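Build out the structure end to end from the sequences listed, making use of the hints.
Protein chains in written order, with my numbering: chain A, 1 to 321; chain B, 1 to 89; chain C, 1 to 399.
Quick caveat, the hints were computed from the structure, so don't treat them as lab data. It is possible that some hints are incorrect.
What the hints assert, rightly or not - To give a feel for the contact side, a few chain A residues facing chain C, derived at Cβ under 10 Å:
{"#": "1", "residue": "61"}
{"#": "2", "residue": "81"}
{"#": "3", "residue": "135"}
To be verified - The calculated lysine-lysine pairs, modelled on DSSO-like cross-linking and capped at a C-alpha distance of 30 Å, are:
{"#": "4", "chain 1": "A", "residue 1": "22", "chain 2": "B", "residue 2": "20"}
{"#": "5", "chain 1": "A", "residue 1": "213", "chain 2": "B", "residue 2": "38"}
{"#": "6", "chain 1": "A", "residue 1": "110", "chain 2": "C", "residue 2": "291"}
Predicted model, so just to flag it, every value in this text is computed and none were measured. Every residue, glycine too, gets a C-beta built ideally from N, C-alpha and C.
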Amino acid sequence: MTQTTPKATTPKAPAGKPKTLKEGYIPPKERLFAPGHRGCAGCGELLAARLVIEAAGPNTIIANNTGCLEVTTTPYPESSWGVPWIHSLFENAAAVASGIEAALIAQGRKEGTNIIAQGGDGSTVDIGLGLISGMMERGHDILYVCYDNEAYMNTGIQRSGATPFCAATTTSPAGKSSFGNMRPKKPMPEIMAAHGIPYSATASAAYPRDLQKKVKKALSIKGPKYIHVHVPCPTGWYTDSVDTIKVGRLAVETGLFPLYEIENGVVTNVMKPKKRLPVEDYLKTQARFKHLFSKEGGAEVVRQIQAIADKNAQRLGLDPK
Amino acid sequence: MADKLNDGAVTEPSSTVITKTGAWRSQRPVVDNEKCIKCYICIDLCPEGAISALPEKKGVQVDYDYCKGCGICASECPQKAYKMVPEEK
Amino acid sequence: MKMPRKTVMEGSMAVAEAVKLCRPQVISAYPITPQTHIVEDLSQMVADGELKSEFVNVESEFAAASVVLGASATGARAYTATTSQGLFLMYEVLWNMAGSRYPINLTCANRAVSAPINIWNDQQDSVSIRDAGWIQLYCEDAQETHDFQPIAFKVAENPKVRLPIMTMMDGYVLTHTYEPVEIMDQELVDSYLPPYKPVVRLDTAHPVTLGAFAQPNTYHEIRYMLNRALMGSKSVIASAFKEFNETFGRDYSPFMEEYRAEDADVLVLSLGSVCGTIKDAVDELRNEGQKVGLVKLTMHRPLPKAELRKALDRASVVAVVEKDISLGQEGIVATDVKSAFAGHDGPAVLSYVAGLGGRDVPVRDVRRVFSEAAAWKGKKAPDDPFWLALNTGIIPEVR
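Shown next, in the form of structure tokens:
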């Protein structure tokens with residue numbers, strides 16, 4: 001077939017009303033997450049956010065922290081959100097969501113309404129941690145979703161508590177005397193599970209159907225839930241937008257970002273890679289790790305990163321017996 | 001664009017549709033639906049939600065009003081049914 | 001006709017009783033002295049089934065404010081209370097509430113601000129929030145703290161206003177002392193304050209996006225509209241007080257109260273419970289033939305400039321006695337009073353910083369203010385504020 005470039009036309013809406021894009025074209029104005037947002041081409045976070053709200057459905061209210069997701073989807077007077085959505089401050093979506101739940105209960109209209117509080121890794125593992133802990137401790141019927149691109153991306157790629165070991169960011173750069181961020185990732189899914197909540201899980205933008213399944217599962221459970229989604233960021237990880245999914249998949253296949261659930265304190269449904277890949281395969285794809293392959297002593301650091309992956313594999317049983 | 005502001009700057013839902021981010025593209029995905037096996041992975045992986053299924057399982061279609069040309073669909077399609085083509089002026 | 005229930009009660013309980021009558025749907029607060037009795041009382045009312053409200057115990061004041069913000073955005077009538085450090089921990093959220101136009105009612109049990117840490121009364125906390133876009137009302141006694149609650153909700157929730165509102169009561173002085181209070185009748189409160197009807201709310205049937213990201217082309221105007229609403233709330237506040245009088249038979253002047261001020265030559269302007277003491281001093285001095293009076297400022301924001309000019313113009317000297325200071329400047333309310341007279345002929349305005357950190361302000365010290373102030377007739381007021389009853393004996397010399 002010859003490659004003629006089709007004209008830029010808007011698809012026509014079919015006669016029957018499709019509920020998902022896999023059934024057919026849905027006019028953008030009717031979407032739960034409308035296009036036209038200002039996310040970078042190939043943004044893993046906005047992809048994941050779309051998947052989350054499409055899995056949750058229209059009976060959902062969202063409280064959203066400040067960050068890339070909020071800023072790119074709500075430039076006044078536009079909004080991508082087709083569900084009720086509120087942004088207050090950088091760090092307080094969990095508390096705002098708690099108030100939303102209390103109000104719905106007081107008004108007698110909580111039944112059948114999902115409440116999601118969401119934010120990036122910075123607002124979740126750092127500045128908002130206390131408020132999320134409070135929300136989990138109080139046992140609200142709310143799902144918290146963290147979109148983890150491993151740095152404060154909206155402010156220009158600064159180090160967060162979720163920045164992985166030896167990744168370069170602007171506030172933990174690689175330099176003559178540094179290999180970048182020298183601290184491991186804060187174990188947020190485990191911290192959340194330690195609150196005694198019924199469900200805590202990891203997911204990835206590179207595994208969209210797994211992510212949506214986990215969202216649906218979480219929302220079917222009453223009580224506080226947590227999903228930590230790995231979302232590659234081409235801008236912050238210095239990759240090409242075309243490689244977003246490939247990079248995300250490598251994070252999982254190397255064991256650096258394993259996919260699993262913690263249900264009532266017990267690890268379940270660990271996704272075991274067919275063959276666990278060496279961490280170099282992942283690290284080499286992103287310029288935020290390039291200093292590991294050019295600086296003296298880099299090989300030793302790569303070994304330390306491999307040890308992190310090996311420890312994950314041991315802890316979760318990632319490798320075949 | 002709203003003419004007048006309102007108290008509290010409340011925003012209408014799904015209103016980013018007026019911004020046609022397709023204008024950002026330097027390349028566009030072109031799909032050969034004869035190769036398409038209707039796995040719909042591309043639909044799942046488009047950050048814009050710009051890909052949707054054609055009726056009667058005929059394949060998929062791209063909404064070029066919004067496609068930013070990131071290339072994920074072409075990269076991930078198991079059948080290599082997409083080609084990324086430079087955007088015409 | 002139902003006999004009004006008048007009983008001696010703790011000031012905190014007067015607030016809690018009033019809040020209960022207003023039927024708040026969500027309450028969230030964090031313990032901090034001297035506000036704590038208010039929320040303890042409300043908790044007990046909820047636990048006993050007297051008050052049907054979702055009471056959310058939180059991990060900080062920042063969370064408490066965020067919880068009531070979320071509740072208000074969902075269309076629920078929401079209440080919180082705090083003071084001092086707690087109010088300051090809420091700082092970000094307070095600005096966010098006003099900017100987003102959520103009509104939350106907050107009681108501030110005025111307390112001094114750290115450092116050093118001090119749990120007793122002054123007004124530094126609430127006056128330091130005056131710029132955030134909240135309506136701010138100061139109460140003199142327990143009856144006012146009780147009565148101002150339905151007034152606060154009514155004003156805040158008015159579709160022409162849609163702003164959060166703060167009512168102040170002096171910590172310990174009003175929260176922990178006992179006064180006779182006439183409890184409002186529930187039916188009358190219900191008629192005065194119907195259920196909250198939000199203009200917009202979070203509702204899956206009618207999705208909206210709240211909390212916009214406004215760029216330079218609109219932020220300026222959005223803030224203008226906020227200020228316009230705050231200034232415009234004056235007429236709504238006046239009507240609410242008028243209607244309160246018609247319903248409950250207690251007549252409060254919404255912006256300020258004049259006490260023996262008609263022919264006063266020296267006036268003191270002040271806020272809160274210390275006005276009770278100042279009234280006593282005025283009575284003594286009047287008995288001695290002195291033409292003195294008090295203007296008690298009830299509403300600090302929006303600032304009633306024209307009304308201040310009208311009330312104070314008759315005097316030669318006005319001494320503003322307040323329990324706060326803008327460090328590096330003078331008393332905050334004094335600055336505001338001076339601004340009301342900028343460009344107008346008016347009295348000399350003196351700034352008195354009094355009673356910080358719970359220091360008592362007795363009648364004898366108030367009398368001293370009146371006699372000192374009289375000496376400034378016809379003179380230019382000094383740049384620096386006066387510190388009332390400063391114990392210079394314990395202050396070392398500047399090296």
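Verification of the hints:
{"no.": "1", "hint": "61", "in the structure": "5 Å, holds"}
{"no.": "2", "hint": "81", "in the structure": "5 Å, holds"}
{"no.": "3", "hint": "135", "in the structure": "8 Å, holds"}
{"no.": "4", "hint": "22(A) / 20(B)", "in the structure": "22 Å, holds"}
{"no.": "5", "hint": "213(A) / 38(B)", "in the structure": "20 Å, holds"}
{"no.": "6", "hint": "110(A) / 291(C)", "in the structure": "62 Å, violated"}
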